[in-house]
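**Student:** Read off the chains here:
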Amino acid sequence: MKILALETSGIFCSAALWRDGELFTQHEEAARQHGERLLPMLDRVLAQGELELTQLDAIAFGRGPGSFTGVRIAAAVAQGIAFGAGVPLVGISTLAALAQAGWRCHGHSRILAAIDARISEVYWGLYQVEGPGQVRTLQAEQVSAPEAIHSGAAPQGFDPPQAADFGVGNAWELYRDILSEHSGLDDARIDAQQVCTAAEIAELAVTALAAGEAVAPEHGLPVYVRDQVAHKRLTSHP
Amino acid sequence: MQVLGIETSCDETGVAIYGDHIGLAAHAVYSQTEIHAEYGGVVPELASRDHIRKTLPLIHQVLAEAQLEHHAIDGVAYTAGPGLIGALLVGAALGRSLAWAWQVPAIGVHHMEGHLLAPLLESPAPEFPFVALLVSGGHTQLIEVQAVGRYRLLGESVDDAAGEAFDKTAKILGLPYPGGPALAQLAEQGDPQRYRFPRPMTDRPGLDFSFSGLKTFALNTLHQRQAAGEDSPQGRADIARAFEDAVVDTLIIKCRRALQHSGLQRLVLAGGVSANRRLRERMSQAIAAMGGQVFYPRPALCTDNGAMIAYAGWYRLKAGQREPLAFRPRPRWSLEELAPLAEA
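Protein chains in written order, with this note's numbering: chain A, 1202 to 1439; chain B, 261 to 604.
Among the clues, some could well be false.
Here are the computed distance ranges between Cβ atoms for each label pair [what the hints assert, rightly or not]:
{"hint": "1", "chain 1": "B", "residue 1": "594", "chain 2": "A", "residue 2": "1389", "range": "51 to 59 Å"}
{"hint": "2", "chain 1": "A", "residue 1": "1374", "chain 2": "B", "residue 2": "484", "range": "56 to 64 Å"}
{"hint": "3", "chain 1": "B", "residue 1": "327", "chain 2": "A", "residue 2": "1414", "range": "26 to 34 Å"}
{"hint": "4", "chain 1": "A", "residue 1": "1234", "chain 2": "B", "residue 2": "261", "range": "43 to 51 Å"}
{"hint": "5", "chain 1": "B", "residue 1": "484", "chain 2": "A", "residue 2": "1230", "range": "56 to 64 Å"}
{"hint": "6", "chain 1": "B", "residue 1": "325", "chain 2": "A", "residue 2": "1414", "range": "26 to 34 Å"}
Treat the hints as calculated values from the structure; they're not laboratory data.
It should be emphasised that the depicted structure is a prediction, and the values quoted were computed from it without experimental measurement.
Every residue, glycine too, gets a C-beta built ideally from N, C-alpha and C.
Starting from the given sequences, assemble the full structure and let the hints guide the process.
**Tutor:** Here is the structure:
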């Protein structure tokens, strides 16, 4: 299977090519420079893997949550390439990909992925990682105050934490005290520096594609999670 | 050369195909007006969210309408600015990556260049050089156009754009967003003799505009009527008429002055407000009276659209201009910074 993956939901710009189990990657910090960096990076990973766009089985992208503008760039670029190359599209949760990254780096299997959502909230989800590309959702991605995270079984928090538990994502730095208190996870079981990469997106896309989750390019849309972004004006007449 | 054009700078998604021989083969516009109406103005994040849903379906639509396979497209043009950054990014990202996948060149187009070249899509088309009045919800500018890419700003609004003043005054009169066209309709019933509004900045030399005072004048006039217990539909129509006449007169005075100063005979009207019927009629009369000619595009090409982007992009791609793989839209971007076309 051959998949080109891209991820721009945060401050990193990330490109990866999955070629039948081999990965070719580019990953750079590029806050507000995704538009300048992304296509050249995709061009490089394709060259490294010696593939043409038309040889791909799918384009995969980090569909959010994350920066609204970032996930839209990912979706727009993915749509453009997929339509242009005549291949389908697979949108992958950035939180699931982040959880898989945490599992890969730290070996723990129950991962609470949490990232900054601004205005004192976090995007988060709880995942059981069972192997490469095998990420099961325990608590679906959502946006809430950091105090409101929970494991489902214990609505108020995570007590008691399990040996397999681990926390990843930049929310663990911004809201360290609140999240630690709620999850029971101490510093040894937190990696706030962990980020979502295109390589993780690609690996999850292999599974998604095999499960028939590919869509036509125009249906590859962002998942913002936060859907209330404007307030309707109360009409007043002079 | 056949060019696909994509416009996503504000609250309209526009896609079109323009090429040699085929001309404007297809163009489609999706307006988000209804989405923003509930908020009383354009909400940038909602605009961006809608562009990403609509752009690719519109590309499918115009390819089908033009009965072209995508292999027939030799270039992609997208609006690179000025405009809302999040909205611009959708069209730029999609357009640039599509061109990469198709292995054809891409070009980022200046939105206002698109507007001022739009009248060239019509017949008869104006010959260069000419003076262009770009008048929309976001801009009011007078530009001397020597050739494609050779622009000199003669004057512009120091505050509200003319279209913005239309929308704000409409709101004052209780008309739903976006009120500009509704105000023009209301003005049809107004008595032109009832009120006389000032013609701002016409009593001094120069080609700049100011429209924010007219909106205040309308508000004060309405308040006076209300205080006198005389608020009525007819009164509001009279205010709408006085406002519209003041804007139209001001634009005419400055356009005449711009033609006199530049020694040119041709005037081009472009941008959303140039669809205004009274402006067109009175401007044509006034310019004809001084021996000049007025050109303007059909109403569908006055408001934001993909046709003008495909057309401006076609000019630049034909002249050999190319964008690198990087895309970086510019929310603020002066027309005067544009490069002239290479000499053929």
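**Student:** That 26 to 34 Å hint for residue 325 of chain B and residue 1414 of chain A (C-beta), does it hold up?
**Tutor:** 31 Å, holds
**Student:** May I ask you to test the hint 43 to 51 Å on the CB atoms belonging to residue 1234 of chain A and residue 261 of chain B?
**Tutor:** At 31 Å between Cβs, range violated.
**Student:** Indicate whether the distance between the beta carbons of residue 327 of chain B and residue 1414 of chain A respects the range 26 to 34 Å.
**Tutor:** At roughly 33 Å between Cβ atoms, residue 1414 of chain A and residue 327 of chain B fall inside 26 to 34 Å, so the hint holds.
**Student:** Evaluate the given range 56 to 64 Å for the C-beta pair formed by residue 484 of chain B and residue 1230 of chain A.
**Tutor:** 60 Å, holds
**Student:** Is the gap between the beta carbons of residue 1374 of chain A and residue 484 of chain B within 56 to 64 Å?
**Tutor:** 59 Å, holds
**Student:** Please check whether residue 594 of chain B and residue 1389 of chain A have a Cβ separation lying inside 51 to 59 Å.
**Tutor:** Since the Cβ atoms of residue 594 of chain B and residue 1389 of chain A sit about 55 Å apart, the hinted range of 51 to 59 Å holds.
Going down the numbered hints, you'll see the structure goes against just number 4.
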